Amino acid sequence: MTAPLSAEPARSAPVLSVLDLAVVGSGSTPGEAFDASVTMAQLAERLGYHRIWYAEHHNMAAIASSATSVLIAHIAANTEHIRLGSGGIMLPNHSPLVIAEQFGTLATLHPGRIDLGLGRAPGTDQVTVRALRRGPDAAERFPNDVLELQAYLSGDSRVPGVQAVPGAGTDVPIYILGSSLFGAQLAARLGLPYGFASHFAPDALVDAVALYRQRFEPSAQQAEPWVVAGINVIAAESDEEAEAERQRVVRARVGRFLAGGRKLDDRELDRLVNSGGGRQVAAMMTHTAAGSADRVREQLTEFAEFADADELMLVPSARSVNDRLGTLEIVAEVLP
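Using the numbering used here, you'd call the opening residue of the sequence shown number 234 and step up by one each time.
One or more hints might be untrue.
[Said to hold, decoys possible] Cβ pair distances, simulated, as ranges:
no., residue 1, residue 2, range
1, E535, S413, 21 to 31 angstroms
2, Q275, V567, 14 to 24 angstroms
3, P344, G260, 35 to 45 angstroms
Bear in mind the hints are in silico, worked out from the structure with no lab data behind them.
Bear in mind the structure is a predicted one, so any value in this text is a computation, not a measurement.
We put the CB at the ideal spot given by N, CA and C, even for glycine.
Input sequences plus hints: build the corresponding full structure.
Laid out in structure tokens, this is it:
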């Protein structure tokens, strides 16, 4: 039997990558968000980050990456070598054939640079789920859809007479993404890398990673288990400055989820943050590194050990573009 080929570098220190949410800031436009994403990708490439991923979300005014494969194509055309991919494509929203064709096209245009992270959540609210024409059993089909998609990309289609063109033979690396034990078990059974969404769903991280490593079965793509763990990062010149920004980010997030579109001042937002619902939303950012260079290095190192992660997917979480870019620069200076 031929030894499986790992799509990932050998692990010494955790690999550092970036999740760019293509944030549409207050008073800005999606076009400005895309310009900022290009700038961030070019900076991450210069600084030596391993990859950048973009996530499929729908009907969210603050996130512009809904047409994920289109955005990846734009970023790839404006960078040279950094890996790019989805973190992730919500596969039950699509047919496996269409995703194979989209990512096969990307891989054909940009060989060796494209990743395909897959999730089974809708990436939106229930009203938008209906607008997406997503059926009630879509999530249940996820494991079989992953296998069908994987077969299209390998050129060994499971559907007689149907090939992905482009796509067949590109073998785009697939990652299973999730925030529960379900994704961990599936990634282990299929021998695929596993990404945990700990940047917004921290609760099951340790159990899911342990289960994945325990049950991992080598595959043609991956010889050893590979864990990607998400963490929010806010780096600044001082610990105090970073902590103040972290608190502002929490306020803004709680307001976005709970204020119902109302404009609230800081005092009203603080009351909301301290409510039961506010504490639940704030807890989504449990895994956040915030501080000056030395403090962030310490926090990221501790988190990598806690998560047993081979790769950290950093989510620059400051509100301004310049502060998010500054975070990447500070982290790159203190971590390999």
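Here is how each hint holds up against the structure:
1. Between E535 and S413 the beta carbon distance is about 24 angstroms. The supplied range of 21 to 31 angstroms therefore holds.
2. Restraint check, Q275 to V567: a C-beta distance of roughly 21 angstroms satisfies the suggested window 14 to 24 angstroms.
3. Look at P344 against G260: about 39 angstroms separates their beta carbons, and that is inside 35 to 45 angstroms.
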